[in-house]
Amino acid sequence: MYLQIKDVSKTFGTFTALSGVDLSIEKNEFVSLLGPSGSGKSTLLRLIAGLEQPTTGQVLIDGQDVTALPPYQRGIAMVFQDFLLFPHMTVRENLLFPLRMLRMNRDDAEERIDWCCRILSLTALKDRFPNQLSGGQQQRVALGRGLVCRPKVLLLDEPLANLDRELRRDMEIEIRSYQIQLGIPFVYVTHNQEEALSMSDKIAVVNKGGIEDFAEKSAVYDRPKTRFIAQFVGRSNVFTGPVEAATEGKAIQWHGQRIALGQALNDSNASSASAYIKIEDTLIEAANANPSGKIAGTLRDVIFRGQYAEYLVTVDGGQEVVASSIDSATRVKPGDPVLLSWDTAKLDVFPDEVAA
Amino acid sequence: MSKFTKTGAITRRSMLKGSGTLALAGAMSALPSPFIRNAEAATLEIRALMWEPYVLPAMIAEFEAEHGVKFTTTFFDGNSEAYNKLKLGGTRDFDLAQADGFWSRLYSREGLIRDIDLSKISSMDNVFPAFTAPEYELLTEETSGAAIGVPFCWGGYGITYNADEVSEEEVSSLGVLFDAEKAGHLSASARFEENIALAAILVTARMGTQGDPRPDGKPFNPYVLTDAELDGVQALLIEQKGLLMTRYQDLGTLNNLMRSGIVWAAPEFSQVFRQLQQLKREGKRVPNIQHRLQAEEGGLGWIDSWMVTSGVEDSEKLEVCHRYLDTILRPEHMKAIADKAGTSTCVDIRDLSTEEERELFLMDRTAELKGLHMFDQPSSPEKWERVWSNMEAA
Amino acid sequence: MSPLFQGWLKLSESQRFLVVTAPVVLFLALFFLVPLGSILVVSFWRTESYQLITDWNLQNYIDVLTEPSYRTFMLRSVLTALIVSLSCVALAWPIAYFVIRHGGRYKLLLVVGLAVPFLTGIVLRVIALQGVLGPIGLLNMGLMHLGLPPFEALMYTKTATVVGLVYLYLPFVTTAIYLSLLNFNFRLLDAAKVFGAGNMRAFWEITWPLNWVGTVIGFALTFVPSLAASITPRFLGGADGTLFGMAMGSQFSATGTWSLGAAMGVVLFFVAGLTLFTISRLIDLKRSGFTGAGGRD
Numbered sequence: 001m002y003l004q005i006k007d008v009s010k011t012f013g014t015f016t017a018l019s020g021v022d023l024s025i026e027k028n029e030f031v032s033l034l035g036p037s038g039s040g041k042s043t044l045l046r047l048i049a050g051l052e053q054p055t056t057g058q059v060l061i062d063g064q065d066v067t068a069l070p071p072y073q074r075g076i077a078m079v080f081q082d083f084l085l086f087p088h089m090t091v092r093e094n095l096l097f098p099l100r101m102l103r104m105n106r107d108d109a110e111e112r113i114d115w116c117c118r119i120l121s122l123t124a125l126k127d128r129f130p131n132q133l134s135g136g137q138q139q140r141v142a143l144g145r146g147l148v149c150r151p152k153v154l155l156l157d158e159p160l161a162n163l164d165r166e167l168r169r170d171m172e173i174e175i176r177s178y179q180i181q182l183g184i185p186f187v188y189v190t191h192n193q194e195e196a197l198s199m200s201d202k203i204a205v206v207n208k209g210g211i212e213d214f215a216e217k218s219a220v221y222d223r224p225k226t227r228f229i230a231q232f233v234g235r236s237n238v239f240t241g242p243v244e245a246a247t248e249g250k251a252i253q254w255h256g257q258r259i260a261l262g263q264a265l266n267d268s269n270a271s272s273a274s275a276y277i278k279i280e281d282t283l284i285e286a287a288n289a290n291p292s293g294k295i296a297g298t299l300r301d302v303i304f305r306g307q308y309a310e311y312l313v314t315v316d317g318g319q320e321v322v323a324s325s326i327d328s329a330t331r332v333k334p335g336d337p338v339l340l341s342w343d344t345a346k347l348d349v350f351p352d353e354v355a356a
Numbered sequence: 001m002s003k004f005t006k007t008g009a010i011t012r013r014s015m016l017k018g019s020g021t022l023a024l025a026g027a028m029s030a031l032p033s034p035f036i037r038n039a040e041a042a043t044l045e046i047r048a049l050m051w052e053p054y055v056l057p058a059m060i061a062e063f064e065a066e067h068g069v070k071f072t073t074t075f076f077d078g079n080s081e082a083y084n085k086l087k088l089g090g091t092r093d094f095d096l097a098q099a100d101g102f103w104s105r106l107y108s109r110e111g112l113i114r115d116i117d118l119s120k121i122s123s124m125d126n127v128f129p130a131f132t133a134p135e136y137e138l139l140t141e142e143t144s145g146a147a148i149g150v151p152f153c154w155g156g157y158g159i160t161y162n163a164d165e166v167s168e169e170e171v172s173s174l175g176v177l178f179d180a181e182k183a184g185h186l187s188a189s190a191r192f193e194e195n196i197a198l199a200a201i202l203v204t205a206r207m208g209t210q211g212d213p214r215p216d217g218k219p220f221n222p223y224v225l226t227d228a229e230l231d232g233v234q235a236l237l238i239e240q241k242g243l244l245m246t247r248y249q250d251l252g253t254l255n256n257l258m259r260s261g262i263v264w265a266a267p268e269f270s271q272v273f274r275q276l277q278q279l280k281r282e283g284k285r286v287p288n289i290q291h292r293l294q295a296e297e298g299g300l301g302w303i304d305s306w307m308v309t310s311g312v313e314d315s316e317k318l319e320v321c322h323r324y325l326d327t328i329l330r331p332e333h334m335k336a337i338a339d340k341a342g343t344s345t346c347v348d349i350r351d352l353s354t355e356e357e358r359e360l361f362l363m364d365r366t367a368e369l370k371g372l373h374m375f376d377q378p379s380s381p382e383k384w385e386r387v388w389s390n391m392e393a394a
Numbered sequence: 001m002s003p004l005f006q007g008w009l010k011l012s013e014s015q016r017f018l019v020v021t022a023p024v025v026l027f028l029a030l031f032f033l034v035p036l037g038s039i040l041v042v043s044f045w046r047t048e049s050y051q052l053i054t055d056w057n058l059q060n061y062i063d064v065l066t067e068p069s070y071r072t073f074m075l076r077s078v079l080t081a082l083i084v085s086l087s088c089v090a091l092a093w094p095i096a097y098f099v100i101r102h103g104g105r106y107k108l109l110l111v112v113g114l115a116v117p118f119l120t121g122i123v124l125r126v127i128a129l130q131g132v133l134g135p136i137g138l139l140n141m142g143l144m145h146l147g148l149p150p151f152e153a154l155m156y157t158k159t160a161t162v163v164g165l166v167y168l169y170l171p172f173v174t175t176a177i178y179l180s181l182l183n184f185n186f187r188l189l190d191a192a193k194v195f196g197a198g199n200m201r202a203f204w205e206i207t208w209p210l211n212w213v214g215t216v217i218g219f220a221l222t223f224v225p226s227l228a229a230s231i232t233p234r235f236l237g238g239a240d241g242t243l244f245g246m247a248m249g250s251q252f253s254a255t256g257t258w259s260l261g262a263a264m265g266v267v268l269f270f271v272a273g274l275t276l277f278t279i280s281r282l283i284d285l286k287r288s289g290f291t292g293a294g295g296r297d
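So the sequence lines, in the order shown, correspond to chains A, B and C.
Mapping the first sequence onto the UniProt record's numbering, position 48 (from 1) lands on 48, and the numbers just tick up by one.
Mapping the second sequence onto the UniProt record's numbering, position 100 (from 1) lands on 100, and the numbers just tick up by one.
Mapping the third sequence onto the UniProt record's numbering, position 266 (from 1) lands on 266, and the numbers just tick up by one.
It is possible that some hints are incorrect.
Said to hold, decoys possible - Cross-link-like lysine to any residue pairs, in silico, SDA-like; alpha carbons within 20 angstroms at most: (1) Lys85(B) / Leu52(C); (2) Lys286(C) / Leu133(A); (3) Lys286(C) / Leu96(A); (4) Lys87(B) / Arg287(C); (5) Lys126(A) / Leu52(C); (6) Lys126(A) / Asp63(C); (7) Lys158(C) / His185(B); (8) Lys383(B) / Tyr61(C); (9) Lys85(B) / Ile53(C); (10) Lys383(B) / Asp63(C); (11) Lys286(C) / Ser134(A); (12) Lys383(B) / Lys158(C).
Unchecked claim - A short, non-exhaustive set of chain C residues, derived as facing chain B with CB atoms under 7 angstroms: (13) Pro23; (14) Ser49; (15) Thr72; (16) Ala128; (17) Phe235; (18) Gly238; (19) Ala239; (20) Thr242; (21) Thr255.
Quick caveat, the hints were computed from the structure, so don't treat them as lab data.
No residue lacks a Cβ here, since even glycine has one placed at the ideal position from N, Cα and C.
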């Protein structure tokens, strides 16, 4: 393991920001720490950086225990959300800063800066001050300052949050390509699941100071391990209600509809549960199809998203369900009766916590 | 040549007083009553340019009520300050002014003040003869002999000393103020005229030039010096500088320095001497502080006077001014001033005073004034300034 | 639409500029240029026994620049102002830094507290200080109470003047540096540390240059009034502590040599101006971290 977090906890006064976090990251891995704001993901990143000291636990980089080391002895670099470029230094001087701190000789340093400017297309901007740069340019300088000293680990703290959508998509691709090029782990903090899903190899979902799951991004997406992940990652319809026995396995009684659960909850005696189905796994068809095992409703509206469309359906119980489809052949119009269905195996079912 | 060196408290108080008057006037004009407006329009205003410690608020209130006038005050520190105020059109802004020593005659020569009618000031009868013509002529016009002011307070610039540390014999000479053996235990005032004039008395005595023909053809005056004498003064003052604890900027400082026993001798207007004597009488722990009015080489003296500015014409206003001078010179008011300002009065107030006060305020020693050199204007402020600067920079 | 506003609309751009700036220009002229001009004129005249004589001459300037005494006063003043300003900066930095970092919600209160002495006049504050530093001031009474010898270095010495001036102007510098630090992004220090700087290095590389302008302003705010200081040396400096401003003041109040005093004022004005100019050369706005200083292109 290249970067290891062992049983790390962090408290600020009476507030527990992190408790008992374990995380192991391989060299070459791009890992996202995904979570809502206040979940503790930024604190985790700052602990790896050495900007915070853990209350308990250890941080190891490349086998070395760096827990007690200050940031500048850890061989890490960081890209900050608001870039934090040094405003009194030119682009070149910003890039030179980490190298000066390493006491690198002049020629080597210039070579590194040239390399950095080349791969980040900053050569023409070298003598400008940060306030003379656009947001995207500043972002690239921040990235360059992170890469120029060839760190063992690059930490990125929501580096794209301040950029507009178009730019963000380009930068996602760029950042991923630098990581592959350099072959060092990138630890990327974000609350944006699209960013996490598009760039990462693995995703650690952080919630309430702990890691809900740390797995390949497809596993996190397709097989959410916890109810929180099911809610937070992707977009799902949720059916919550009392559990009852059905002809095959169990079902949830949901506003007059029976949601069959297949094999789920077979060895559970939970009296109520929630079932999540991703909107892209929710199928929609015109009401003239075979209604067996399907839920009937009325199409209220269609929202076109370009490559796909979202269908807002009011089911007969009065609740709203969303289905998304790229199938333009679904020729239904708002006001038409429709049928909704899904592969029962794709349902993610979580028993509700029993009230004490 | 003020006896009251500038202090912050005084400046502030006068400012506060000024703004208070303004606020009061504002408040009064805001009142809807026509009565107040009429009354105000009819009020005659007497404006005095004076030293702050001489203000007697109770007397002023009484005077205002009796004569239906309004009395306002503006304060100054040094004679030159008042002189400049009057020169810059101040004769229209002020009706009464104070000065001392030779300054009244300077004012008269420059047409800043006018003659007054002493027959209308019956209180003059109480003034010691030493302060009136022909004994004292500086309050009469040089050629016509007309009265140009009335004297009210007097004093010297003698040596206040700590008798526990300095002997009576030592203090008989001005040399005590320049004695290297008393280094760190001497002080002097901050104003350049007195320092130079006092040093000049000692220097000329040592040089033996006091009896020589003087530059102005008159008898010896420490304010009229030859260049050689000034050089001597400069050397003496430079020598003295290293011996001084500090130059006192206000009486409070000198009071503290003498009371604590740090300073043993300093020239002053005898006010600190009286303050500390008073404390001693009250049973406070104070060194044995004494005062020597005149050293054997000579001494400086002053007489403060009230004058009427040339802006006052023969009118009701002049009458009120006369009556004010008559009122202020009454023994009961002069006693109040002596108590407040700690100065000797030109008016005989022995009937109102204790034996102790008689002695302390030199009431039986007015004749000694004759031997003192009156405060004057330096013969060349420019040359004196250079002497002072050279001393300060040395 | 009011007739006034309609009239305003009829004015040309330059006429409007005139209307808007006229009060400012008038104010400056009335309270700055006129007094300054009259000082300048008087400095080329001469005085004789309290009379201002209007024959044009340069003697006052020759005196001020060549007489050893005035040069000594100026030298003392420059040296005093330098020591005072540097001491103020050295003291104000840790104070302002502490307030910003640890003041929490009392930050504002602490800074306002620093400014409380401003509510009283300078004379009052100096007299109060005399009560602390003087021979029978709090400090020495305390020392003597403990059986220790009094602290003579603070009794009517040039050191006492320096202490007094530092006390007077420390709040100015602290406020200037505080305001500068208030606008400083302390997270830049995180970046500096991540990229290899220790605490001290981060301070000198990032915090100091980015608060340089505030520091320089604080320095100037102290240097200029210290250079002209008159009351503080008079009350605290002792017989040998005469500074230029004090000597200049006595030209007007005591000796009546106004022309010489005016020339001293003009010289002081130029020395202060020269200092400000030199200080302004130490500032590179592009490197100050002020956004927009360079303009985006």
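We went through each hint and held it up to the structure:
1. Lys85(B) / Leu52(C): 14 angstroms, holds
2. Lys286(C) / Leu133(A): At roughly 14 angstroms apart (the allowed maximum being 20 angstroms), Leu133(A) and Lys286(C) satisfy the hint.
3. Lys286(C) / Leu96(A): Satisfied, since the Cα-Cα distance of roughly 18 angstroms is no more than 20 angstroms.
4. Lys87(B) / Arg287(C): 56 angstroms, violated
5. Lys126(A) / Leu52(C): 65 angstroms, violated
6. Lys126(A) / Asp63(C): With Cα atoms ~56 angstroms apart, Lys126(A) and Asp63(C) exceed 20 angstroms; violated.
7. Lys158(C) / His185(B): Holds: Lys158(C) and His185(B) sit about 19 angstroms apart, inside 20 angstroms.
8. Lys383(B) / Tyr61(C): 16 angstroms, holds
9. Lys85(B) / Ile53(C): Holds. Lys85(B) to Ile53(C) sits at ~18 angstroms (cutoff 20 angstroms).
10. Lys383(B) / Asp63(C): 12 angstroms, holds
11. Lys286(C) / Ser134(A): At roughly 17 angstroms apart (the allowed maximum being 20 angstroms), Ser134(A) and Lys286(C) satisfy the hint.
12. Lys383(B) / Lys158(C): 27 angstroms, violated
13. Pro23: 25 angstroms, violated
14. Ser49: 6 angstroms, holds
15. Thr72: Nearest chain B Cβ about 4 angstroms off; hint holds.
16. Ala128: Ala128(C) check fails; min Cβ-Cβ to chain B is 10 angstroms, beyond 7 angstroms.
17. Phe235: 6 angstroms, holds
18. Gly238: Given a least distance of 5 angstroms, the restraint on Gly238(C) holds.
19. Ala239: 4 angstroms, holds
20. Thr242: 4 angstroms, holds
21. Thr255: Nearest chain B Cβ about 4 angstroms off; hint holds.
This entry does not satisfy hints 4, 5, 6, 12, 13, 16, going by the numbered hints stated previously.
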